[in-house]
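Asks: Work out the full structure, taking the sequences as your base and the hints as a guide.
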Amino acid sequence: MRRTTIALLAALEASVSALVGYGIALVPLMLLWATHFGLAAPIDAFFRAAADMWLLGHGVDLAVRLDELTAALLGVPGAGDPFVLTIALLGFAVVTFAFGLRIGRRGAIGGNPAVAVVAAVVVLAAVGGVVAAVAATGAARPVLWQGIVLPASVMAVGAAIGAVAESLRSGAPADATTSAVRRRLAALPDLAVDGVAAAVRIGVGAAFGVLAVGAVLVAVVVVAGYSTIVGLYQALGAGIDGGIAITVAELALLPNLVVWAAAWLLGPGFALGAGTTVSPSVTLMGPVPGIPVLGALPAEGAPLGVLWLALPVLLGFGGAVLVAASAPERRDEPWWATLAVGLGAGGIAGLVLGGLAAFSGGAAGPGRLAVVGPDAFLVAAA
Numbered sequence: 004m005r006r007t008t009i010a011l012l013a014a015l016e017a018s019v020s021a022l023v024g025y026g027i028a029l030v031p032l033m034l035l036w037a038t039h040f041g042l043a044a045p046i047d048a049f050f051r052a053a054a055d056m057w058l059l060g061h062g063v064d065l066a067v068r069l070d071e072l073t074a075a076l077l078g079v080p081g082a083g084d085p086f087v088l089t090i091a092l093l094g095f096a097v098v099t100f101a102f103g104l105r106i107g108r109r110g111a112i113g114g115n116p117a118v119a120v121v122a123a124v125v126v127l128a129a130v131g132g133v134v135a136a137v138a139a140t141g142a143a144r145p146v147l148w149q150g151i152v153l154p155a156s157v158m159a160v161g162a163a164i165g166a167v168a169e170s171l172r173s174g175a176p177a178d179a180t181t182s183a184v185r186r187r188l189a190a191l192p193d194l195a196v197d198g199v200a201a202a203v204r205i206g207v208g209a210a211f212g213v214l215a216v217g218a219v220l221v222a223v224v225v226v227a228g229y230s231t232i233v234g235l236y237q238a239l240g241a242g243i244d245g246g247i248a249i250t251v252a253e254l255a256l257l258p259n260l261v262v263w264a265a266a267w268l269l270g271p272g273f274a275l276g277a278g279t280t281v282s283p284s285v286t287l288m289g290p291v292p293g294i295p296v297l298g299a300l301p302a303e304g305a306p307l308g309v310l311w312l313a314l315p316v317l318l319g320f321g322g323a324v325l326v327a328a329s330a331p332e333r334r335d336e337p338w339w340a341t342l343a344v345g346l347g348a349g350g351i352a353g354l355v356l357g358g359l360a361a362f363s364g365g366a367a368g369p370g371r372l373a374v375v376g377p378d379a380f381l382v383a384a385a
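For the sequence shown, this note's numbering gives the first residue as 4, with consecutive numbering after it.
What the hints contain is simulated information worked out from the structure, not anything from laboratory work. Errors might be hidden in some of the hints.
[Stated by the list, open to error] Quick list of the computed label-pair ranges, beta carbon to beta carbon: (1) 147 to 207: 29 to 37 Å; (2) 207 to 300: 23 to 31 Å; (3) 229 to 140: 31 to 39 Å; (4) 137 to 346: 45 to 53 Å; (5) 147 to 40: 24 to 32 Å; (6) 370 to 247: 40 to 48 Å; (7) 345 to 237: 49 to 57 Å; (8) 195 to 47: 51 to 59 Å; (9) 277 to 339: 44 to 52 Å; (10) 341 to 234: 52 to 60 Å; (11) 231 to 129: 38 to 46 Å.
All residues carry an ideal CB built from backbone N, CA and C; glycine is no exception.
Replies: Right, dumping it as structure tokens:
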């Protein structure tokens, strides 16, 4: 496939990814505008709010200044002062990442993965910059440079992973960049290449194993606390249209909850405000943000307590056993090679989980809500 065609397809798909993410935020807001506000409220405010949500979902900081009435209704100390939202609604980033995987795979199949990755990143950087500039108001102002860099970075990571995975899986035809990388790898000792590959497989597998268990844990907690969640929806009195908007926001927050559950399994846990801790060893809860799904969190410690901490260890051990069973037996390997693989796998798993923890937390509001989510360094070290 010609480079121009690959670049155009990648640019088009990157644009579609932004439209899909923006549409997910916009549709429930338009429903609110039509039903709750009777088409009377300024529509541009809803378009800007959707843009803010899309940017926030990619980690773009949002400087907020509430008017006196809204601050009083919120009832949170410090709500009348300017504050910064830094927590990312990772559901939007997941959409962009998934499109990036597809773009990278398509570029690798076409023989020009680097062209596809660069085209997609450039387009999304331009889109992010335009959205951040247009969405800025006195009440909410995204950080412009982050709007340019962060959505494009999410796309770049997804596209790069997709391109590398497809190239390794199918031996797709390579462009000059990919061929140069392959030649460099071929020149390295087999022991080093195999060791790094094994460390990556074990580390990434262990990290996603913990995330998978975290997802199951979130599902169990939501099912167990379903009646509480429904009661909080009713207490909010948001109606059908408002309930749909709240549910979409909760779905955008769902990947964050999975990462927080993984941090809980690893031991450090997470915070839902300054001075709070939710972990297997201790649970210290204060007033929880008014999101219905958070009402399912148990006010007391979990059953079995610190025994949950053994689960990530078992996952890491199981991953190592599976990789060792599938690898060819090499009796001439030095003893330190196995040790290096284990240390490397632990480091990679820590980087993956620590990075996700850093991306999943931040400031969710004024005052005590400035501290929400896990401590990334503790999660990486665990």
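Asks: Can you name, in rising order, the numbers of the hints this structure does not satisfy?
Replies: 6
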